[in-house]
Amino acid sequence: MESIAKARKICHLLLRFLAFGATLSAVIVMATSHEKASVLVFQVEAKYSHTPAFKYFVIANSVVTVYGFLILFLPPESLLWRFAAATDMVFTMLLVSSISAALAIAQVGKKGNSHAAWLPICNSVPKFCNQVTGALVVGAIAVIIYMLLLLNSIHRVLDPLIFRKC
Amino acid sequence: MASRDVEKLDLSFSGVPDKPKKDWVIVSLRILAFLATASATLVMALNKQNKHFVVATIGTTPITVSITAKFQHTPAFIFFVIANGVASLHSLVMIGVDILGPQFDYKGLKPVLIPILDMMSLVLASAGDGAATFMSELGRNGNSHARWDKICDKFESYCNRGGAALIASFIAIILLLVITVMSIHKLKPKK
Chain A
1 MESIAKARKI
11 CHLLLRFLAF
21 GATLSAVIVM
31 ATSHEKASVL
41 VFQVEAKYSH
51 TPAFKYFVIA
61 NSVVTVYGFL
71 ILFLPPESLL
81 WRFAAATDMV
91 FTMLLVSSIS
101 AALAIAQVGK
111 KGNSHAAWLP
121 ICNSVPKFCN
131 QVTGALVVGA
141 IAVIIYMLLL
151 LNSIHRVLDP
161 LIFRKC
Chain B
1 MASRDVEKLD
11 LSFSGVPDKP
21 KKDWVIVSLR
31 ILAFLATASA
41 TLVMALNKQN
51 KHFVVATIGT
61 TPITVSITAK
71 FQHTPAFIFF
81 VIANGVASLH
91 SLVMIGVDIL
101 GPQFDYKGLK
111 PVLIPILDMM
121 SLVLASAGDG
131 AATFMSELGR
141 NGNSHARWDK
151 ICDKFESYCN
161 RGGAALIASF
171 IAIILLLVIT
181 VMSIHKLKPK
191 K
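So the sequences go chain by chain: A and B. By UniProt numbering, the letter at position 109 of the first sequence is numbered 109, and the numbering carries on one by one without gaps. By UniProt numbering, the letter at position 187 of the second sequence is numbered 187, and the numbering carries on one by one without gaps.
In case anyone wonders, no lab produced these hints; they're calculated from the structure. Treat the hints with care, since some could be wrong.
If the Cβ cut is set under 7 Å, some of the chain A residues that face chain B in the computed set are [to be verified]:
#, residue
1, Ile10
2, Leu14
3, Ala37
4, Val41
5, His50
6, Val96
7, Ser97
8, Ala106
9, Gln107
10, Trp118
11, Pro120
12, Ser124
13, Pro126
14, Asn130
Here are the simulated lysine to aspartate or glutamate pairs, DMTMM-like style, with alpha carbons at most 20 Å apart [as the list claims (entries may be wrong)]:
#, chain 1, residue 1, chain 2, residue 2
15, A, Lys110, B, Asp149
16, A, Lys110, B, Glu137
17, A, Lys55, A, Glu45
18, A, Lys111, B, Glu137
19, A, Lys47, B, Glu156
20, B, Lys154, B, Asp98
21, B, Lys186, A, Glu45
22, B, Lys110, A, Asp159
23, B, Lys154, B, Asp23
24, A, Lys110, A, Asp159
25, B, Lys188, A, Glu45
26, A, Lys127, A, Glu2
27, B, Lys186, B, Asp98
28, A, Lys55, B, Glu137
29, B, Lys70, B, Asp23
30, A, Lys47, B, Asp98
31, A, Lys55, A, Glu35
32, A, Lys111, B, Asp98
33, A, Lys111, A, Asp159
34, A, Lys36, A, Asp159
35, B, Lys188, B, Asp98
36, A, Lys110, A, Glu35
37, B, Lys150, B, Asp23
38, B, Lys70, B, Glu156
39, B, Lys188, B, Glu137
Beta carbons are placed, not taken as given, at the ideal position from N, Cα and C, and that holds for glycine.
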């Protein structure tokens with residue numbers, strides 16, 4: 001029984017570390033996306049900070065990265081895990097809404113919107129588009145890991161006497 | 001006589017536990033959440049505006065072009081309508097379960113299913129909200145770097161109605177969050 005409990009603790013710590021890594025790489029990949037191109041006679045520059053949705057994505061993921069880093073150090077038997085379950089839920093919601101917003105704007109950038117006369121920009125700045133796509137994929141992985149961690153935290157809070165599942 | 005009393009005492013303390021009492025706080029919150037999500041869905045789904053633009057003038061007769069702004073033009077708003085529709089359906093089903101609930105026995109997986117479904121509808125509603133918020137911000141301010149013109153100065157009532165649906169959806173998310181926390185708390189085993 002001792003070894004099973006220890007394996008489960010290691011598994012939980014590994015999951016938290018993966019979540020921290022996923023949000024950190026989403027921030028880095030999105031923040032370093034930058035491309036200059038010339039369309040017709042214009043000089044076009046594409047940066048993540050031009051769009052509030054991408055800014056929100058970067059800010060939300062950096063907040064969750066800091067939280068994920070701090071929670072790696074919480075001892076497994078402490079009473080603070082109830083508070084951690086609540087903050088887990090809030091931050092999971094934040095991540096979900098940020099990735100949904102970034103996906104919506106990225107979809108407009110890729111396909112355009114003929115009804116509003118918005119042209120797609122991905123043809124002129126393909127490297128920027130690919131990097132944003134990569135950041136969104138990593139963000140989606142982070143969301144899935146955080147949902148699993150949320151279920152785990154709630155289970156841990158409700159049954160403190162049963163062995164924590166991984 | 002004494003042994004029969006002891007038997008009666010035994011029967012009342014073992015066996016089937018008491019059926020849970022109806023919790024009016026959660027039911028009223030669910031009704032409010034249902035109203036909020038349903039109104040957000042309806043307001044956005046009926047959001048439509050026609051506008052006539054004068055394109056050119058031949059002699060004295062102007063040529064007008066009629067442009068329509070509908071919510072179906074944008075995938076973000078379609079997702080918003082679908083997400084809020086699912087959330088309102090979920091709230092309706094949960095109200096039914098809460099009102100008719102004490103007639104059925106809750107055993108096995110069923111008590112856990114309610115908070116999990118609550119959480120899923122909360123996540124779905126917040127995702128739809130995030131997408132629609134930033135899409136309408138794009139419509140209101142445009143994006144000069146991508147050369148996307150704003151559309152809200154031409155279609156004001158379409159934008160205002162979309163904003164009202166968004167506000168209703170924000171209220172619904174707060175209510176759904178409170179409901180989720182309360183239904184998780186209900187799962188706690190009583191000491």
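Okay, the hints, checked on the actual structure:
1. Ile10: Not OK, violated: isoleucine 10 (chain A) not within 7 Å of chain B, min 26 Å.
2. Leu14: The hint is violated - leucine 14 (chain A) has no Cβ within 7 Å of chain B, the shortest such distance being about 24 Å.
3. Ala37: violated, 12 Å
4. Val41: Violated, because the Cβ-Cβ distance from valine 41 (chain A) to chain B comes to roughly 13 Å (cut-off 7 Å).
5. His50: holds, 4 Å
6. Val96: This hint holds: valine 96 (chain A) lies near chain B, its Cβ roughly 5 Å from the closest one there, short of 7 Å.
7. Ser97: Given a least distance of 3 Å, the restraint on serine 97 (chain A) holds.
8. Ala106: Violated. Min distance 11 Å.
9. Gln107: holds, 6 Å
10. Trp118: With a minimum Cβ separation of about 4 Å from chain B (threshold 7 Å), the hint on tryptophan 118 (chain A) holds.
11. Pro120: Since the shortest Cβ distance to chain B is 9 Å, the answer is violated.
12. Ser124: violated, 10 Å
13. Pro126: violated, 15 Å
14. Asn130: With a closest approach of 17 Å, the asparagine 130 (chain A) hint is violated.
15. A:Lys110 - B:Asp149: It holds: about 16 Å lies between the C-alpha atoms, which stays within 20 Å.
16. A:Lys110 - B:Glu137: holds, 18 Å
17. A:Lys55 - A:Glu45: holds, 16 Å
18. A:Lys111 - B:Glu137: holds, 18 Å
19. A:Lys47 - B:Glu156: Distance ~30 Å between lysine 47 (chain A) and glutamate 156 (chain B) Cα, so the pair is violated.
20. B:Lys154 - B:Asp98: violated, 46 Å
21. B:Lys186 - A:Glu45: At roughly 53 Å apart (the allowed maximum being 20 Å), glutamate 45 (chain A) and lysine 186 (chain B) break the hint.
22. B:Lys110 - A:Asp159: Distance of about 17 Å is within 20 Å: holds.
23. B:Lys154 - B:Asp23: Violated, because 49 Å separates the two Cα atoms, which is more than 20 Å.
24. A:Lys110 - A:Asp159: Cα-Cα ~47 Å, so violated.
25. B:Lys188 - A:Glu45: Outside the cut-off at roughly 54 Å; violated.
26. A:Lys127 - A:Glu2: Since the Cα atoms of lysine 127 (chain A) and glutamate 2 (chain A) sit roughly 51 Å apart, the hinted pair is violated (cutoff 20 Å).
27. B:Lys186 - B:Asp98: Holds, because 13 Å separates the two Cα atoms, which is no more than 20 Å.
28. A:Lys55 - B:Glu137: holds, 13 Å
29. B:Lys70 - B:Asp23: Violated, at about 41 Å.
30. A:Lys47 - B:Asp98: violated, 50 Å
31. A:Lys55 - A:Glu35: Holds, at about 16 Å.
32. A:Lys111 - B:Asp98: violated, 44 Å
33. A:Lys111 - A:Asp159: Violated, at roughly 48 Å.
34. A:Lys36 - A:Asp159: violated, 55 Å
35. B:Lys188 - B:Asp98: The given pair, whose Cα atoms are some 18 Å apart, holds under the 20 Å limit.
36. A:Lys110 - A:Glu35: holds, 15 Å
37. B:Lys150 - B:Asp23: Violated. Lysine 150 (chain B) to aspartate 23 (chain B) sits at ~48 Å, over the 20 Å cutoff.
38. B:Lys70 - B:Glu156: holds, 13 Å
39. B:Lys188 - B:Glu137: Violated - the C-alpha atoms of glutamate 137 (chain B) and lysine 188 (chain B) are around 41 Å apart, more than 20 Å.
Checked against the numbered hints above, the structure violates hints 1, 2, 3, 4, 8, 11, 12, 13, 14, 19, 20, 21, 23, 24, 25, 26, 29, 30, 32, 33, 34, 37, 39; every other hint is satisfied.
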